[in-house]
Structures are given as C-alpha cells and as structure tokens.
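*Asks:* Spelled out from the first residue to the last, the chains are:
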Amino acid sequence: MTFALSGLWIALGLAGLAAGLYLLQRLRVRHRTVPVVTTLFWKQALEETRARVLVQRFRHLPAYLLLLAICALLWLGFARPEAAAGEGARHVLLLDASAGMAEGTRFADAKAVLLEDARALPASRRQVLFCGGHVRTLLAPGENALLLEKRLAGLAPEQAPSSLARVARAVRQEGPDVVVHAYGEPAADVGLIAFGLAPAASGRWDALDLLALPATGEPFGGAAPLLDGFPILGDINSENGGSHATGLWRDLPARGGRVVVRQGGREHALVLPQRQTIKVWFGLGHDEALRALLTPVLRADPGIEIGTTGGDVQIGGTLTIGRTGSLSFAQAPADTIAVAMAGASRPGFLGELSQALALAEVDGASLADALGRAVTVTAREPAMLDFGSTRRVTLDRALLDPDVGFLRTRAFPLLIAGAIRLLAHGGPLAPYVAAGEPVEGVTAALTPQGGAAQDPLDVPFTPAVAGAYTSPAGATSYASLQRDPSATPFAATADAVAAETSMPWARWIALLAFVLLAVEWMLLRRGRIP
Amino acid sequence: MATRRIPAQELFDPAFLDSLASLRLVAGRVAPRGRHAEHRSKDLGGGLEFRDYRPYAAGDDLRSIDWNIYRRLGRIFLRLFEEMEDLPLYVLPDVSESAWLEESPRIRAGLRCALAVSAISLNQHDRVGVFPFAEDLRVAVRPRAGKRRVFQMADELAKLEPAGRTDFQASLRTFGHLRMRSGVVAVISDFFDPAGIDAVVDALRRLRHKLLLVQLVRPSDAEPAVQGDVRLVDCETGVGEDVSVTPAVVSAYRQAYATFQDTLGRFAQSRGAGLLRLDVEQPVVPQLAALFEGGRLSV
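Chain order of the listed sequences is A and B. Here this note's numbering is used: the first residue of the first sequence is 1, the next is one more, and so on. Here this note's numbering is used: the first residue of the second sequence is 1001, the next is one more, and so on.
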C-alpha cells in the first residue's frame, strides 16, 4: 500500500493527532449535572480514581488508544492510500477520440468510464492520453483526478482515424510493467467510412470525382447522391469480390455545390470546391510560332481559357506581368528540362513542379528518350530584371523542336496543362488524401484550416484529421477519413482496472474507522469509557 | 415554593393499622418511674407477680409485710412485686433533603415506618414521641400514650417538611439534652451524614436509650445508575463532584458503600440494637414484620 501524501507528512500527522488527543484527554470535560442524595461514597471513590484533569494522572489509556486508532485511520484515509495489487505497474489510459467515437454517446460513455477508472488507479502510476488526430497527455502521473475531470469536460472526438493501436504499441515498448487501458468501442453503424473528392480522372480542371466508401461489410446500395438537391448518376465499383462496394461519381462540377449521400441511415455531406477556369495570355513580345504551337493545346484543355492581358498565367513574353505566374520557353542548361525561378526557394516547389510536369512517371522516361538525355528540374534565383511574378517556370525550348518529336506525344499537352495549373493554383491535388495516411508525393507541410502545420518537411505528409488542408502554394486538399476509422483494437479493459483496484484501501480504512466509532459509542453508552 | 409534604392519606389507612395489630415491641425491663403499662419495670411495686423480699424500713407500707416470715424468723420483711410500666418510644425520623429527593422519596417509606412503630407502641399503651431531625432536632410530638393518638401522630408526620442537611451529631446532642426517660429510640434515616458514617456512629453511641435503627435504602445506593462524565451535586450541601464514571470508579464506589453498610451493621450488633434495612421501593409492613420475629421484637 502506498500513499499520495509523503511518509513524513503521514508521520507528522499521526504524531500531531496523538499529542492533540492526549491533551484533549487531559482537559476537563463538560459534565452533566446530576443531583444525588449524597456524594459521600463518590468522594471516597474519587480518592482512588480521579476524573481527568490537567494536573492529574492520565487514567484513560483504553479510551485514548481507541480514539487515537479512529483518528489515525481517518488520517490515513485522508492520505489517500493506493492499491498495490499490481505494485510497480504503470497504467496508461488511452481515450479513443477518433471520428467513430462521435457516434451517439460513445465518447461520453468512454469518458465516464475512463474517469472512474482513473480515480481508482494510483495517482503516481497512471497516465491518461488523448488519442485523436494528435496524441496528447490529459493527465500526467501524480496529477489529481480533479484535473482530469475538468480537462475531459471540453473534449470532443476529432475527424481522425483511430490511433489506439499505434499509441498502444508505442506505450508498450516503454517497458514490460506498462498496463494499457483503452477506452472506446467499435462503431456499429457509421454509414460511410470514406467520403471525399479527387481530381477528375477525365482531366477536367473544373470537375472533381466523388468517392464514397461504405463501412466494412455493408453493401453500398443507397440512393444516388444529390448535388444541390438533384440526383447524380454514377458508378458503383466493387472490390474484393463484391464484398466491398465503392461509390464513384465522376466529373462533378467544382462550383461550390453541396453533395449529400445517404448510407446506413445516415446523411453525409460535403461542399465541392470552386474552381475557376485558368485564364492564360501570351505576353508582350512572345514568339508567334510558340503561340501557334500552344494555342491548340490550350484550347483543348477545358480548364484553360485564352484571354488577354491580366490573366492568371502569362505565356512567353519578355516582361512578366501576370498576377500569379509565367511560363516561358528558353534555352535551358544542359540536362535541364525546366528551370524554376521566383519561388523556387519555397520548400517543395521543385517536387511539385516535377509532379506537375509528370516527369517522374512514364512521360518523363518518354521525354528523356526523345531528348536523348536526362531530364531534370532545377531552380535558379531570379535575376534583377525578373519581377512581378511569384512563380515562374522556364521550359527548355528544345521541347518545341519538331525534330525531337515531343510535340506529337500525348505527354506534351499534359506537360503544358500541369505547368499552367501549378503556376495558377500551386501544387497538384493529391488524388486521395486520408487522415492518418501519408500523402504520396507531398513532402511539404499542409496546413489544416484553422491550425498550423506540424509535420516535418521532406517526409511524406500525413494529415492528422480529416478536413481541408492548404498547401503552401495555396492549393486546397480535402482529407477524408481512413478506411475503417472506427475500428478500435481494444475493448474496455475494466478487468485490468478492477484487478488493480480490488483492494480499495480507503474504503476499508473508512469502514474500520466506522466500526471503531460504533464500538466507542457502545462502550460509552455502557459507561465503560468516559 | 410549594410545600413538599407527604399527605396523611398516604401514611395512614385502616388496613395499615390492622396489619400492625399483631406486632409487639418487648423490652427486658423498662426504666423505672414510668407510668403503668405492660412492660416489666426495674421498679418494684404493687403488681401481681411476686419478685423478691427486702427488710422493712421505716415508712414502708405495712400491707406489704410478710407476716409468715416474721412469725418464723421474728424479723420483718416486705414482699416485693413486679411493677408494670411503659416503654417510651422516641421516633426520630430523618427529614433532611436527601429523604425528599428522587422520584419516589425515601421520606414516604420512612414516615410510614415511623407511624408503624408508633402504632405498635401506642397499642401497648406506651408513650410515643416524635422528634424529626436534620441539621438539628425538634420536638414534633411530645411523648404521650393512648391508642387514639395514632391519628394525631399521622397528622403530625404529614406536616413534616424538608429541613436541610443531615447532622447526626448536633441532632442527637439536642435529643440528649432533652433528658428523656430511658426508652427506645427509633432512628429512621438513610444515615447519609456529610460528616461520614463514623460521626453518625459516634453520635448514636452516646445515646443512653435502646436503639432501633431503620436504614432507608434503595437498590441504586449499592449500584449507581449514573454513567459518563457527570457532576454529582449533593442535594444537602450543594457541593458538586465531577466524576467520570468508569468501571474503576464504580468499583471504588461499591467498596465505599459496602464499608458504610458494614460500619453501621457492626455498630448495631455491638450495641445490641435492632437494624432494619428498609427498601423504600418495597411495601413497608412486610419488611417491618420480618424484623419482629414471632411478632415480637425485643430491645
């Protein structure tokens, strides 16, 4: 048995109680007046046994010891004795705050059970962790459980996948004496477990594909989703032999419409982003041959509109005036296909450029074959005369050489489209961004709405919670929930807590003190003690 | 302040007197110079029963000369006969505050006992006087004889009131100063004198009379009912004693009470006095009758 108070305080308290009670025993008590026919015999009796007064001999040792025992027990109870069934074990209580816990009263129930268990566990050997999008400590070892009650009051589940398994593994690696308690239960019916958008597979800039994935084991048989109240016709694909159906609706117009999907008796909704057509224009002094080459490509792209001065991206020209970026063609250094300036210093931009130009994929290899040399992307600091644009990409003019043959490949329009989209809106939209899963190809930190980016650079970015993320270039991605977000690897571990608290010392001590009080009262009533 | 008296109706009723009719108080030989009654006296006189001879002296009654002895011996002797005189009874009821305390006061049983012994003596044509005492003794009823005086006696007893603390020394000294004819003194008291039992015994020892001690007791005297921390206030002196009643204290109390009883008993035995420990919570007459073995109590 251990105590929340230190041994010194307990000893000092016991000594103080003993001394105080000793003085009280010796103090004159308040007597009840009883008239009697004579005090003759009482006087004689008192000659041998005097009542307790300060100056006389201490005569009530049994009563003193009984009272001291009662007070000592109460003092020990006040010192908060702690059970020691698992002496030395450290208890880590994990509160599942994933999205699945938002269902019904699941999170409130988990909080209530956790609070009760935390109170029963030894304060010095318990720790409570909040397992939401990020793991944080709710109650450190040694802290009072009252703090936990306050800290739990304002908590709510986050749109994040369950991290219990990951945290439990990490905690268990701290030592064999760690007992992990998880508080959360699998969702019985969450409807969709994945619901999000992806760039349109058709390549349309102003359209998005809608993805809906029902909970595991549930057939996807709901009605067609509604876009601003009108049904959307789409496909329902099957995976794993049809046991897991996925709803996919293509080319939804990115005009801010509201999409509603009903599944499992629930309604899931999201708002489509607004994507305007990218306006490009040819800058002053541009090469007419370049215009002739690019105009058919640009016109074929439904997300691009050729305009006049003042558009989103300037193409060609000797002076950059565009609001967002400019694309030009010039003689590039050896083995360089593209040079990024004015913005190249931004972390991750080269990676985004490479991805936007699809150089890391089959098109890159095709282009390298066509050019007969390696294809690389480099950065260069802007010259003094370069101004007015925040992003500027210069492609190797050799790409336009008819002898190379790149103009005839299908990669050419994609290269142009990717470069313009990058310059207009930043990095590419990840085809599938899910909370808790690293986003391939995105090493820059995305900033969640209303928050600050926390993930380190140069590693695959992993959004913690579902929601909108903004890339440093301003592009917005919408992270959905991971598959099966409500799966919880643990059931409530009430048994472990019960084993730990099977010896509630405080209750036993209080019960013993109550029994001793009853004994004292009985002895007092019988006149056995004063 | 309302008077605390015991109504005469509680003391006296015909059945009570009838139950006493068979009881008699007997003395070996009463003191001389009494009035004619039923007890043999130390006086020699004109009774019927021959007792002794003595030589004639001038002035003797010539009718008492035994002429047969004179004819044989030529000397003049007088024939002496038993003189039957009375045995005065002096009833000394304790009217101190302690007798009036408690819900069932000891004075009720004490006065009934006083009336009972008075009735017994009056039935024997003895003179009975009542001398209540507390701090001092006073004469409530002068010694008189006559069966009918039992009613007067009851009235007088009913008029008694509490009279302060107990002082045997002063009271019995006063009684001694009255120089009453030797008789029987019936002291009816709890004998709780603040001066202690030794002072009581010392005062009683000075009495020249035969003694009949009636001690008014109750069970709680031997087994006190108080418990806890109490301030015991003596009803006569007003002095309080703070007592934490513990087994040790109660044991010491029992020891002190036993010593008290033993002292009084040994005194009565040594003095040849009658001692009746009268339980005030029980009927008086049966307890009193137990003292009169065969209906007679010899003093």
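Hints in this document: simulated from the structure, not taken from any laboratory. Heads up, the beta-carbon is just placed ideally off N, CA and C, and yes, glycines get one too. Hints may be right or wrong, so weigh each one.
Pairwise CB distance ranges (calculated) [to be verified]:
| # | chain 1 | residue 1 | chain 2 | residue 2 | range |
| --- | --- | --- | --- | --- | --- |
| 1 | A | TYR22 | B | ASP1279 | 42 to 50 Å |
| 2 | B | ALA1248 | A | LEU517 | 18 to 26 Å |
| 3 | B | PRO1247 | A | ALA18 | 20 to 28 Å |
| 4 | A | ALA18 | B | THR1174 | 57 to 65 Å |
| 5 | B | ALA1222 | A | ALA18 | 38 to 46 Å |
| 6 | A | SER124 | B | PRO1247 | 22 to 30 Å |
| 7 | A | VAL515 | B | PRO1007 | 48 to 56 Å |
| 8 | B | VAL1233 | A | GLY142 | 18 to 26 Å |
| 9 | A | LEU517 | B | VAL1233 | 28 to 36 Å |
For lysine to aspartate or glutamate, the following DMTMM-like pairs were computed, each having C-alpha atoms within a straight-line distance of at most 25 Å [what the hints assert, rightly or not]:
| # | chain 1 | residue 1 | chain 2 | residue 2 |
| --- | --- | --- | --- | --- |
| 10 | A | LYS111 | A | GLU149 |
| 11 | A | LYS279 | A | ASP209 |
| 12 | A | LYS279 | B | ASP1279 |
| 13 | A | LYS150 | A | ASP209 |
| 14 | A | LYS111 | B | ASP1136 |
| 15 | A | LYS150 | A | ASP206 |
| 16 | A | LYS150 | B | GLU1223 |
| 17 | B | LYS1147 | B | GLU1241 |
| 18 | B | LYS1147 | B | ASP1018 |
| 19 | B | LYS1159 | B | ASP1242 |
| 20 | B | LYS1159 | B | ASP1279 |
| 21 | A | LYS43 | B | ASP1242 |
| 22 | A | LYS150 | A | ASP177 |
| 23 | B | LYS1147 | B | ASP1229 |
| 24 | B | LYS1159 | B | GLU1103 |
| 25 | A | LYS111 | B | GLU1241 |
| 26 | A | LYS43 | B | ASP1018 |
| 27 | B | LYS1159 | B | ASP1262 |
| 28 | B | LYS1159 | B | GLU1049 |
| 29 | A | LYS279 | A | GLU174 |
| 30 | B | LYS1159 | B | ASP1198 |
| 31 | A | LYS43 | B | GLU1010 |
| 32 | A | LYS150 | A | GLU116 |
| 33 | B | LYS1159 | B | ASP1136 |
| 34 | A | LYS279 | A | GLU305 |
| 35 | A | LYS43 | B | GLU1293 |
| 36 | A | LYS150 | B | GLU1010 |
| 37 | A | LYS43 | B | ASP1013 |
| 38 | B | LYS1147 | B | GLU1010 |
| 39 | B | LYS1159 | B | ASP1202 |
| 40 | A | LYS111 | A | GLU143 |
*Asks:* Now look at each hint and say whether the structure bears it out.
*Replies:* Status of the hints after comparison with the structure:
1. A:TYR22 - B:ASP1279: 42 to 50 Å: 45 Å, holds
2. B:ALA1248 - A:LEU517: 18 to 26 Å: Given about 24 Å between the Cβ atoms, the range holds.
3. B:PRO1247 - A:ALA18: 20 to 28 Å: Check passed, 25 Å falls within 20 to 28 Å.
4. A:ALA18 - B:THR1174: 57 to 65 Å: 60 Å, holds
5. B:ALA1222 - A:ALA18: 38 to 46 Å: 39 Å, holds
6. A:SER124 - B:PRO1247: 22 to 30 Å: 47 Å, violated
7. A:VAL515 - B:PRO1007: 48 to 56 Å: Cβ of VAL515 of chain A to Cβ of PRO1007 of chain B: about 54 Å, so the range 48 to 56 Å holds.
8. B:VAL1233 - A:GLY142: 18 to 26 Å: 59 Å, violated
9. A:LEU517 - B:VAL1233: 28 to 36 Å: At 32 Å between Cβs, range holds.
10. A:LYS111 - A:GLU149: 9 Å, holds
11. A:LYS279 - A:ASP209: Distance of about 23 Å is within 25 Å: holds.
12. A:LYS279 - B:ASP1279: 127 Å, violated
13. A:LYS150 - A:ASP209: 43 Å, violated
14. A:LYS111 - B:ASP1136: 87 Å, violated
15. A:LYS150 - A:ASP206: 47 Å, violated
16. A:LYS150 - B:GLU1223: Distance of about 63 Å is beyond 25 Å: violated.
17. B:LYS1147 - B:GLU1241: 48 Å, violated
18. B:LYS1147 - B:ASP1018: 13 Å, holds
19. B:LYS1159 - B:ASP1242: Answer violated: LYS1159 of chain B to ASP1242 of chain B is near 36 Å, above 25 Å.
20. B:LYS1159 - B:ASP1279: Distance of about 23 Å is within 25 Å: holds.
21. A:LYS43 - B:ASP1242: Distance ~10 Å between LYS43 of chain A and ASP1242 of chain B Cα, so the pair holds.
22. A:LYS150 - A:ASP177: It is violated: about 28 Å lies between the C-alpha atoms, which goes past 25 Å.
23. B:LYS1147 - B:ASP1229: Answer violated: LYS1147 of chain B to ASP1229 of chain B is near 53 Å, above 25 Å.
24. B:LYS1159 - B:GLU1103: Holds, at roughly 20 Å.
25. A:LYS111 - B:GLU1241: Given that 25 Å is the threshold and the Cα spacing comes to 64 Å, the pair is violated.
26. A:LYS43 - B:ASP1018: With a Cα-Cα distance of about 44 Å, the restraint between LYS43 of chain A and ASP1018 of chain B is violated, given a limit of 25 Å.
27. B:LYS1159 - B:ASP1262: 34 Å, violated
28. B:LYS1159 - B:GLU1049: 43 Å, violated
29. A:LYS279 - A:GLU174: 57 Å, violated
30. B:LYS1159 - B:ASP1198: Given that 25 Å is the threshold and the Cα spacing comes to 31 Å, the pair is violated.
31. A:LYS43 - B:GLU1010: 35 Å, violated
32. A:LYS150 - A:GLU116: 14 Å, holds
33. B:LYS1159 - B:ASP1136: Roughly 17 Å separates the two Cα atoms, so the pair holds.
34. A:LYS279 - A:GLU305: With Cα atoms ~5 Å apart, LYS279 of chain A and GLU305 of chain A stay inside 25 Å; holds.
35. A:LYS43 - B:GLU1293: 38 Å, violated
36. A:LYS150 - B:GLU1010: 79 Å, violated
37. A:LYS43 - B:ASP1013: Judged against 25 Å, a Cα distance of about 41 Å means the pair is violated.
38. B:LYS1147 - B:GLU1010: Judged against 25 Å, a Cα distance of about 20 Å means the pair holds.
39. B:LYS1159 - B:ASP1202: 30 Å, violated
40. A:LYS111 - A:GLU143: This hinted pair holds, its Cα atoms lying about 17 Å apart.
When held up to the earlier numbered hints, the structure conflicts with 6, 8, 12, 13, 14, 15, 16, 17, 19, 22, 23, 25, 26, 27, 28, 29, 30, 31, 35, 36, 37 and 39 and fits the remainder.
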